[in-house]
Amino acid sequence: MIHSSRFIVILDTNVIYPIIIRDLLFWFAHYELFIPKWSNHIFDEWIAVMQRKGVSSREAGIRVQKANMAFPDALVKNYEDLINCVELPDEKDRHVLAAAIKCNAHFIVSNNIKDFPDLILNRFGIKIKTADEFLSGIIDLDPVTALDAFKEMVSFKKNPSLDEYEVLYNLRKVGLLATADALHKLL
Numbered sequence: 001m002i003h004s005s006r007f008i009v010i011l012d013t014n015v016i017y018p019i020i021i022r023d024l025l026f027w028f029a030h031y032e033l034f035i036p037k038w039s040n041h042i043f044d045e046w047i048a049v050m051q052r053k054g055v056s057s058r059e060a061g062i063r064v065q066k067a068n069m070a071f072p073d074a075l076v077k078n079y080e081d082l083i084n085c086v087e088l089p090d091e092k093d094r095h096v097l098a099a100a101i102k103c104n105a106h107f108i109v110s111n112n113i114k115d116f117p118d119l120i121l122n123r124f125g126i127k128i129k130t131a132d133e134f135l136s137g138i139i140d141l142d143p144v145t146a147l148d149a150f151k152e153m154v155s156f157k158k159n160p161s162l163d164e165y166e167v168l169y170n171l172r173k174v175g176l177l178a179t180a181d182a183l184h185k186l187l
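With my numbering applied, the sequence shown corresponds to residues 1 to 187, in that order.
Think of the hints as simulated: they come from the structure by calculation, not from any bench. The C-beta atom is built at its ideal place from N, Cα and C for all residues, glycine as well. Any given hint might turn out to be false.
Computed beta-carbon distance windows for the label pairs [stated by the list, open to error]:
(1) Pro117 - Ile20: 23 to 31 Å
(2) Pro72 - Asn159: 24 to 32 Å
(3) Ile113 - Lys173: 17 to 25 Å
Derived DSBU-like pairs (lysine-lysine); straight-line CA-CA distance at most 30 Å [what the hints assert, rightly or not]:
(4) Lys77 - Lys102
(5) Lys173 - Lys157
(6) Lys92 - Lys102
(7) Lys66 - Lys151
(8) Lys173 - Lys92
(9) Lys114 - Lys127
(10) Lys77 - Lys66
(11) Lys92 - Lys77
(12) Lys66 - Lys157
(13) Lys114 - Lys53
(14) Lys127 - Lys173
(15) Lys127 - Lys77
(16) Lys66 - Lys102
(17) Lys92 - Lys127
(18) Lys158 - Lys66
(19) Lys66 - Lys53
(20) Lys114 - Lys92
All chains, please: the whole structure from these sequences, using the hints.
Okay, structure coming up:
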């Protein structure tokens with residue numbers, strides 16, 4: 001369960017891409033439901049994913065720049081020395097935990113929870129949540145603000161224009177079942 005709306009959260013690459021998950025996370029952060037954090041390593045992975053999906057290097061760079069401009073305090077710095085000090089099942093995820101430790105994160109939001117064992121994270125007071133667990137927990141914590149953020153996000157869906165129920169359908173398609181159900185109940 002989530003107990004505070006001012007907690008610090010590291011967003012792993014797999015919740016920054018796909019776009020719809022990132023959009024909802026960013027709108028919730030914009031409404032100050034949590035404090036987002038990421039690292040250059042995470043954004044380098046995001047750029048690589050975008051390029052594999054056919055996004056040009058220029059466009060990928062613009063998206064990263066816009067994210068950093070929208071949340072100027074989100075970029076975690078000086079965490080690199082911690083990378084080799086932490087152990088995880090997948091060495092490639094150590095940078096995520098190192099950044100989380102550096103910024104005193106309360107949560108890592110990742111859809112690869114098996115790569116972040118509770119036994120290891122508990123040593124640092126960090127919890128792992130999937131995007132669906134995290135977002136539905138925020139909705140439970142502050143349903144009015146979460147619904148406002150969702151509605152504003154929907155109002156910006158112009159290409160193509162989507163209504164709230166179409167966006168909920170898209171959230172379900174990417175695995176945000178509890179999140180979509182919680183928002184649906186509030187409409």
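A quick look at each hint next to the structure:
no.: 1; hint: Pro117 - Ile20: 23 to 31 Å; in the structure: holds, 28 Å
no.: 2; hint: Pro72 - Asn159: 24 to 32 Å; in the structure: holds, 27 Å
no.: 3; hint: Ile113 - Lys173: 17 to 25 Å; in the structure: holds, 20 Å
no.: 4; hint: Lys77 - Lys102; in the structure: holds, 8 Å
no.: 5; hint: Lys173 - Lys157; in the structure: holds, 17 Å
no.: 6; hint: Lys92 - Lys102; in the structure: holds, 17 Å
no.: 7; hint: Lys66 - Lys151; in the structure: holds, 21 Å
no.: 8; hint: Lys173 - Lys92; in the structure: holds, 27 Å
no.: 9; hint: Lys114 - Lys127; in the structure: holds, 12 Å
no.: 10; hint: Lys77 - Lys66; in the structure: holds, 18 Å
no.: 11; hint: Lys92 - Lys77; in the structure: holds, 18 Å
no.: 12; hint: Lys66 - Lys157; in the structure: holds, 17 Å
no.: 13; hint: Lys114 - Lys53; in the structure: holds, 25 Å
no.: 14; hint: Lys127 - Lys173; in the structure: holds, 25 Å
no.: 15; hint: Lys127 - Lys77; in the structure: holds, 21 Å
no.: 16; hint: Lys66 - Lys102; in the structure: holds, 23 Å
no.: 17; hint: Lys92 - Lys127; in the structure: holds, 19 Å
no.: 18; hint: Lys158 - Lys66; in the structure: holds, 18 Å
no.: 19; hint: Lys66 - Lys53; in the structure: holds, 19 Å
no.: 20; hint: Lys114 - Lys92; in the structure: holds, 13 Å
Consistency note: the structure conflicts with none of the earlier hints.
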